[in-house]
Amino acid sequence: MFSIPGNMKGEMEAPLLDIQNLRVELLLRRGILTAVDDVSFRLREKESLGIVGETGCGKSMIALSIMGLVPSPPGRASGRILFEGVDLIRKKERELRRIRGREIAIIFQEPLTALNPAFIIGEQVAECYRVHFGHSKRTAREGAEHILDLVRVPSPKQVMKLYPHELSGGMRQRVMIAIALACQPKLLIADEPTTALDVTVQAQILELLEELREKMKLAMIFISHNLGVVAHLCDRIAVMYAGALVEVTDVESLLQPLHPYTLGLLDAMPLPEHRDEYLKALPGNICDLIYPPSGCKFHPRCFKAQEICAQERPGLEMKPLDHAVACFFPVYHEPS
Amino acid sequence: MNLLEVHELCKYFDLSGGLLGRALNGRSILKAVDHVSFSIPEGKTLGLVGESGCGKSTTARLVACLIPPTSGKVQMEGRDILSLGGKETRKLRRYVQMVFQDPYGSLNPRMKIMDIIGRPLTIHEGLRGKKRAQEVEMLLDRVGLLAEYSDRYPHELSGGQRQRVAIARALSMRPRLVIADEPVSALDLSVQAQILNLFKKVQRELKLTMLFISHDLNVVQYIADSVAVMYAGNIMEMGSVQQVFQNPLHPYTKGLLAANISLGVPNQGSYRIAGEVSLPINPVGCRLESRCPIRVSRCKTSEPSLSEKRPGQQVACHEI
Chain A
749 MFSIPGNMKG EMEAPLLDIQ NLRVELLLRR GILTAVDDVS FRLREKESLG
799 IVGETGCGKS MIALSIMGLV PSPPGRASGR ILFEGVDLIR KKERELRRIR
849 GREIAIIFQE PLTALNPAFI IGEQVAECYR VHFGHSKRTA REGAEHILDL
899 VRVPSPKQVM KLYPHELSGG MRQRVMIAIA LACQPKLLIA DEPTTALDVT
949 VQAQILELLE ELREKMKLAM IFISHNLGVV AHLCDRIAVM YAGALVEVTD
999 VESLLQPLHP YTLGLLDAMP LPEHRDEYLK ALPGNICDLI YPPSGCKFHP
1049 RCFKAQEICA QERPGLEMKP LDHAVACFFP VYHEPS
Chain B
60 MNLLEVHELC KYFDLSGGLL GRALNGRSIL KAVDHVSFSI PEGKTLGLVG
110 ESGCGKSTTA RLVACLIPPT SGKVQMEGRD ILSLGGKETR KLRRYVQMVF
160 QDPYGSLNPR MKIMDIIGRP LTIHEGLRGK KRAQEVEMLL DRVGLLAEYS
210 DRYPHELSGG QRQRVAIARA LSMRPRLVIA DEPVSALDLS VQAQILNLFK
260 KVQRELKLTM LFISHDLNVV QYIADSVAVM YAGNIMEMGS VQQVFQNPLH
310 PYTKGLLAAN ISLGVPNQGS YRIAGEVSLP INPVGCRLES RCPIRVSRCK
360 TSEPSLSEKR PGQQVACHEI
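Going down the list, the sequences are from chains A and B. Residue numbering for the first sequence follows the working numbering, beginning at 749 and increasing consecutively. Residue numbering for the second sequence follows the working numbering, beginning at 60 and increasing consecutively.
Excised from the complex, chain B in its bound form (with noise of 0.2 angstroms):
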């Protein structure tokens, strides 16, 4: 059973720059997410990767729920969440919780450890004084911090303490589905495998669902069961993590595998993609296709959709 579905999400920016922008140099979109689609069964954790700027943060923010879309759909267990009014939102947020890449950033430095954590319990459960005081201990402990952090400031914290209370957070509302943007990319790799760890763990102990994202192709290698690959606004090639680190098909994630220098990991050859992203501003054709070396002629006027090439693997190249 599917906890989430997404369905065509789409997020379109207008950078026409208002009516006279307009007149002067025609309307352009920038179409961070187009169309994209995917679902993650409950219990399992979706990798979601690609390079910067690929939209991947964004497809995030649109499934918490912290953007409105251009069009498509959220399901979570079949109910539509983006259709839902002010008061079913609130309820169902609690629901779907979010860690943030930079620790320093996501939490506020004026408030108490205790009170970064407690303060979801006060507003959702209605958890004052001692029993606050309790709950949030246990969260502590849950992350591995010790209880006598719950005194403390976020600035008395390095920063794999912080992105461990920034989980403790999370979990404060027994979500269904942990979103997870980038956890681990600010943190040095002693400290990473801690994370990592961290996430396995509580995943495992309270069957979570997650969405995982990140540029290291190693870390969501290592986490996720499945993987979505992006590029400039669209879902390039999906799959399990096997089939897509192991049997690659689409060029780009074959570039992309190439590109992924990691000690102790077999370099997959010496497929180069060249050039640098360009920002998806009114594309056409399929987005890679000034990059792609095995671009033809049509991939310059035709987008491709994402269909299955194998059992379970689903790519979006004209050329496969």
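Next up, chain A with everything else stripped away, as it sits in the complex (with noise of 0.2 angstroms):
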């Protein structure tokens, strides 16, 4: 009953990424929290697809996911993560140490704490290229030197001697993307890489991003709560709400959506044309996870909710070519 939402042009050739029924669960002391709950998508090469959200809704879960790093225990990963046709789910430790990083790289929103602080930049960028390439010190230098210049880091040679403390905010997010594509991967994960950034800042590492992503023909999965930049760097969307896959569009398509939460993201943005008028608030809070209501997740908030809501789960299905929603009562089918 799970039809995968993929691009239909791409269909033809094997996606780099393909998720089926992914499912990260948290066994917790009140019980077992669902973080993602049956999500299921395809990537396919040099695509960037974003993922948007609310705090909670299990968008940086996919992405521990895909990497091996759910903490286990409390969180169990079920489900098939295929990579290039492997599947990561099943791989060990050892297994998945030569992709990650290799083939997989990510960037974390929050470079400080992701960055080593007891070692200098050039130790750390350095090391990508020593672990996954054996070079010697000499060349895994030279390559970091060339990374940090491609990610427009002022005089690298200086700043590979300082410690991450040293740097500013944008500077450090510029190294850990530099870390992250030292090697040059196939797929980029970006989780909320520009939140603890200053807008300034934000366009600047934004622009870098873009521009990389074209130059190394990367698959980018950028994770974030900001529809507007999702929007300006991605060509596919995927909007979660409560561990589940709620919509899956072109950015062409998002403007007009069809699942009510969507709309009610959409309708949540303040405007400066609906200044005089109060902002269509979605009612309520987001579920609790550990016990969520029946059927779909949204129904309590839902202003388009029937009694089949609470009874059954509405499975992810592609209504127009490309665009894929999990509800019964689309926006476009108004109630008679």
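Keep in mind the hints are simulated off the structure, nothing from the lab. One or more of the hints may lead you astray.
[Unchecked claim] In silico PhoX-like pairs for lysine-lysine, Cα to Cα no more than 25 angstroms straight-line:
id : chain 1 : residue 1 : chain 2 : residue 2
1  : A       : Lys839    : A       : Lys905
2  : B       : Lys103    : B       : Lys150
3  : A       : Lys905    : A       : Lys794
4  : A       : Lys905    : A       : Lys885
5  : A       : Lys1028   : B       : Lys150
6  : A       : Lys1028   : B       : Lys266
7  : A       : Lys963    : A       : Lys905
8  : A       : Lys1067   : A       : Lys1052
9  : A       : Lys1028   : B       : Lys259
10 : B       : Lys103    : A       : Lys1028
11 : B       : Lys103    : B       : Lys266
12 : B       : Lys103    : B       : Lys359
[Unchecked claim] Not close to chain A: a few residues of chain B, all C-beta gaps over 12 angstroms, as computed:
id : residue
13 : Gly145
14 : Met170
15 : Arg263
16 : Gln280
17 : Asp284
18 : Gly344
19 : Arg350
20 : Val355
Think of the CB as a built atom: it goes at the ideal place given N, C-alpha and C, for glycine as much as any other residue.
Two chains, two separate frames, one set of hints: put the complex together.
In structure tokens, the structure reads:
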């Protein structure tokens, strides 16, 4: 009953990443928290997919499970994560290490915690070359200098001698990007990479990511709570609510959403033309993930909810071509 | 009539590190807020925008009398609130209330909601028992919370609900001026909309004057009547929301607007501000000089002052 949304044009070639029925559960004292609930999607080479959703919707958990970084216990991931046809969930830690950082790289939100405070930048960047390619110290250093130059760190030779705390937030994030791209991965996962940055710096980093993606032919999963940033950077967008994908669409169709939740998010954005009115805020709060509502998890907040929504969970289905939605009563079906 | 007038407000922090540091490195003074002046007419909202470290929160704290200024004047209805004595200040404090960014940190975790909202009522109005409970119930209703919440602790509430409690606490004193320091930044989009609506509603009902601080340009554009753009301790541009957002004059405002990527709002072109904010320690000349795309030589030495370039729109830039 779960059709797998993928870009139709890409259906011919094998996808780079094929996630099937991914489920991540956290075994907590209070009960089992389902952080990712039956998520399936595909990503072609060179494609960029944005995942948006509010706090706790499971977007970062998807990133962590692709990297094999879900802490276990309390975490438990099931389903299939096929990367170039190989299932990452069933890989051993040792085998994963060969892929992690080399084929798939990740950038986190907070570069200051992701970088090791006790080592200089040069060593941390050069480490990738030494670990993954077995380069000598000297070639690794040259590689590091080159990649720092590529992410436009000014005077990389000097910066390599500095410790993370001596750099500004934007510069740290550039270093993180350099480390991620050092091994020329095929897939880059960016988990809220600009959330901690100021807007002018955010604009610089986004511009850089866009350019590098083009240059290095990267596929990218860009995770953010900011719809605008995701729409600006990605080809396709997946909207998550309470662990599940509720809508997957091209950027162009995002402004005509099918799912009531996506519509609610768009309506909640404060726009200058609505200055004199109240915003159309979604009622209520995000549901409890340990004891979620029955059926569609969004139904208690949904203005279109009917009886069936509380009983059955809607699967993600293609409505028009390339636009998948998990809803019994998508927005374009006006109730009669 | 202006409810709040701020004249040449300054807050400097001495970073020299004692006598030895001063002897070795000379004096280093961080000018967090430097000669900032603005006014808010009664019942209106001034939005204060800027990136982290630009001095917007320090300005809020100065206006709320939470920290003493280095120099300058803050007047409410013509009275200088900084020069008042202890008793008078306390009386005045109730008319200036603050809502903070983090509703997790600003509510006492050991107090029930009833006491969090009711405490100021006891202190300032001597309300106790049933009367106080009634008042708290009314305030909870005003901010859209059920009366039963008064028996709960902050940790039992969601972020949005906590921010409602913080707003109810601020409103309990029937303030004239509410200072909101990034009140929706910690909230998710759908909850943010609820809280913005609440601000709009109580402002209409109670005719509140607000100083609304945010780094989010869309939020300020939605909620404020006029806006001041701060950078490194200075106000760079100030005017009505329409003027500043539609016809920005200062290069920093232009860069800020161009960097504001938001769905449904047309992007203002590729005007880029290079580099990053540096702290205004012993600043000379225009603070934006190193990042400014239209800088000239005198920007390095002389600091531009805020002057009216269009009716009602003030800009601090030599080149405009």
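**Prompt:** Which numbered hints are broken by the structure, listed smallest first?
**Reply:** Of the numbered hints, 1, 3, 5, 12, 15, 16, 17 and 19 do not hold.
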